[in-house]
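Chemist: In case you want the letters, here they are:
2 protein chains.
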Amino acid sequence: MEIIKYPTEKEAKKALKRIALENKKIIPKVQRIIDTVKAEGDKALFSFAEKFDGVLLSSLKVSEEELNGVEKKISPELKSAINTARKNIFKFHSAQKRKEIKLETSDGITCWRKSIPIEKVGLYIPGGSAPLFSTLLMLALPAQIAGCNEIIICTPPQKDGNISNVILYVAKLLGLKNIFKTGGAQAIAAMALGTESIPKVYKIFGPGNQWVTTAKQIVNSIGVAVDMPAGPSEVLVIADSSANPNFVAADLLSQAEHGPDSQAILITTDENLLHSVNEAVTDLRKKLSRNNIIEQSLRQSKLLLVNNLNEAINISNNYAPEHLILSVNNADDVASNIINAGSVFLGNYSPESAGDYASGTNHTLPTNGFAKAYSGLSTNSFTKEITFQKLSAKGLQNIANTVKVMANAENLDAHKLAIEIREKTDG
Amino acid sequence: MEIIKYPTEKEAKKALKRIALENKKIIPKVQRIIDTVKAEGDKALFSFAEKFDGVLLSSLKVSEEELNGVEKKISPELKSAINTARKNIFKFHSAQKRKEIKLETSDGITCWRKSIPIEKVGLYIPGGSAPLFSTLLMLALPAQIAGCNEIIICTPPQKDGNISNVILYVAKLLGLKNIFKTGGAQAIAAMALGTESIPKVYKIFGPGNQWVTTAKQIVNSIGVAVDMPAGPSEVLVIADSSANPNFVAADLLSQAEHGPDSQAILITTDENLLHSVNEAVTDLRKKLSRNNIIEQSLRQSKLLLVNNLNEAINISNNYAPEHLILSVNNADDVASNIINAGSVFLGNYSPESAGDYASGTNHTLPTNGFAKAYSGLSTNSFTKEITFQKLSAKGLQNIANTVKVMANAENLDAHKLAIEIREKTDG
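Chains X and D are the protein sequences, given in the same order. Mapped onto the numbering used here, the consecutive letters of the first sequence carry residue numbers 1 to 427. Mapped onto the numbering used here, the consecutive letters of the second sequence carry residue numbers 1 to 427.
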């Protein structure tokens, strides 16, 4: 890992510059997939499954038999773990539900905002070597707590035409029934446009590869909402002499194993710690199975030595990490100065993997500096708010002149007329 | 206005189908403007002002003298109106500030979410015939209440090189100082990318023409957040026999005068009312100055007669109107069944123009059916939320096995290691 000592603000910025996201080349290809799904519906999904997933499907939808048969295939240990995670995620996300805000802004003018579930949502769960059943928990639980009426799940089939058992188990546990065997850009297109089998949804959630994220971007530009823009996963650790180098090394490695483009960064005020962490990374990675991926991602990882915690905080706020671990003595003080981050982990016993799975927080977070303007996923990502207002005749009278004068200054006659005509008719 | 009697659900859907938004032709042109601003900075903005606004500017930034000189140019009547509107908007948007949510999900595991202002935001205020100073109030007040550190305003210069007095007055009143004379796609590009004069922001707000909305869409795809997707303005009125036909007609006309692509719709259970409204529209529009615009927009407006209020509610929820006026006896009951709308106005004395200017609610709302997934603007549009978690050694121990089992099932070794290594070292 590259070591950078006492960088200026500018040097730190340069050192932590992310690899530019570049999807221009695949945009036309993704657009063609979307157009094909639009034109051919289910037929396109069957043929893409053959082409991309190497499987001839007999049905897109997971059958009741498939769902019912899965429970006995999961170990009691994994069931129990999923249950613990579910409880904590449920608890934290239930607390996020918003109360109605209602008040009288002036005499006779009552205004309120009400949170209402988005009726139809689509959840994308990536396939690949490791089935991300934790992501299904993280997306489906808040959708259910929010009260979404229709929850659609798309996930790519395995070569044998099945969906991973543990994903099906989580779906069954949560009572989810609309699970479709389709992945990639075609799955996003299906949920955005609807096909014979797959209902059209209003908002699409979930991570994915470049094809999936590009498809989300394209359907977003035609008005389908999406959870957030995507980029490679990343962690930044701020550590002082109170940190345990082995803990920090393990946290950096947890990030590094996600993918070859992941970024793991340490900023520390303690030069000894920096070297110990570097050694511990080298030492600990020997035991890990994803060493190839780790090898690649550590190439863009950095260890920064700074003069004090304020410098570390500034660099972190400029970088806006997806995950931020504060392995420092006064973690609460440092946390109160964090203004840009996805999720923050305080102290030596709060590793990222706790939040990835089971502490209760969501693991769907803004990457790539998007935390400067975007929030991580919450129950409110599955709702929208509607504003209401009710004026009494007296209430309208109180602002009648205000509205008329303002409408007049904006040359909007009819807006003025809508007030005048009511003034003439006293309620 | 076209009259449709007792439509089936399908017929109603077809009748209310919106004109498809089509901006493909201008995308390359907008992209060129963005590329030019990226390459040339301020120089590009000066040259676009000459080309598009017909003015040779000496400076992009509004000077302190310009701001200071404006107060005496505004009538006391308009000042007082702006002040009333400001108070109500301030009151409603202050109540929207979110409290921190903090709880223990399990013994020793504390999780919380904190709302934090987006540091740098850009507000776009369109120019044109009527200066939309009300939009400046609607965007800047919530930004200030949220606590945004840097508020940048871009608005196109008039032919004389000035900004409208009333826009400057509102800026001065609110203490806003970073106002730049640039409009169109180039203004969006400047705020998204930054130039010598104009700071780069993290989120861009505000309405605009096709060029502006296309530019927002493009910069959004490279990671700059935007308020919401845009489309033509619209109102839907649900009315029964208790409605006053003149009030309803004036409300439809208020919408129709916004622009030639605006849509105004009435759904009523009362055939007499339908005809009276139709006559009142013909009658009242004679008095209005924007008759040309109204002429065009009324062409896509409809009057629907339905069997009962439930049908009206269903059609409205399918349409998801930006503005929804409930001119019915039991407006509260009907309101409780509304699930898709931007802003809802209850009863005979709650015209849209009240909410457009002065009741306190925001007038930046989702159009084009986007209300199915998007909310109108609120104070929270100017904040993002960060998640925090703090586990004690005991807290981690409580979920250690859960995390290890789940990480194992997802083939993420290092995630498991980050727990194991902490278990070995008891805190």
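Bear in mind the hints are in silico, worked out from the structure with no lab data behind them. Computed from a predicted structure; not experimentally measured. Incorrect hints may have been included.
Each pair may be met inside one copy or between any two copies, as identical chains are not told apart.
Stated by the list, open to error - Each computed DSSO-like pair below joins lysine-lysine, with the alpha-carbon atoms no more than 30 Å apart:
| no. | residue 1 | residue 2 |
| --- | --- | --- |
| 1 | Lys-120 | Lys-99 |
| 2 | Lys-24 | Lys-38 |
| 3 | Lys-200 | Lys-24 |
| 4 | Lys-5 | Lys-99 |
| 5 | Lys-29 | Lys-102 |
| 6 | Lys-159 | Lys-14 |
| 7 | Lys-114 | Lys-17 |
| 8 | Lys-177 | Lys-24 |
| 9 | Lys-286 | Lys-394 |
| 10 | Lys-13 | Lys-73 |
| 11 | Lys-286 | Lys-302 |
| 12 | Lys-287 | Lys-114 |
| 13 | Lys-200 | Lys-13 |
| 14 | Lys-14 | Lys-43 |
| 15 | Lys-38 | Lys-10 |
| 16 | Lys-73 | Lys-10 |
| 17 | Lys-25 | Lys-73 |
Chemist: Next, verify each hint and record whether it holds.
Modeler: Hints, verified against the model:
no.	hint	in the structure
1	Lys-120 to Lys-99	both (22 Å within a copy, 28 Å between copies)
2	Lys-24 to Lys-38	both (22 Å within a copy, 18 Å between copies)
3	Lys-200 to Lys-24	both (26 Å within a copy, 23 Å between copies)
4	Lys-5 to Lys-99	neither (49 Å within a copy, 40 Å between copies)
5	Lys-29 to Lys-102	neither (48 Å within a copy, 45 Å between copies)
6	Lys-159 to Lys-14	neither (43 Å within a copy, 42 Å between copies)
7	Lys-114 to Lys-17	between (41 Å within a copy, 27 Å between copies)
8	Lys-177 to Lys-24	neither (36 Å within a copy, 38 Å between copies)
9	Lys-286 to Lys-394	between (76 Å within a copy, 29 Å between copies)
10	Lys-13 to Lys-73	neither (49 Å within a copy, 46 Å between copies)
11	Lys-286 to Lys-302	within (19 Å within a copy, 71 Å between copies)
12	Lys-287 to Lys-114	neither (52 Å within a copy, 38 Å between copies)
13	Lys-200 to Lys-13	between (42 Å within a copy, 16 Å between copies)
14	Lys-14 to Lys-43	between (48 Å within a copy, 26 Å between copies)
15	Lys-38 to Lys-10	between (47 Å within a copy, 21 Å between copies)
16	Lys-73 to Lys-10	neither (54 Å within a copy, 45 Å between copies)
17	Lys-25 to Lys-73	neither (42 Å within a copy, 54 Å between copies)
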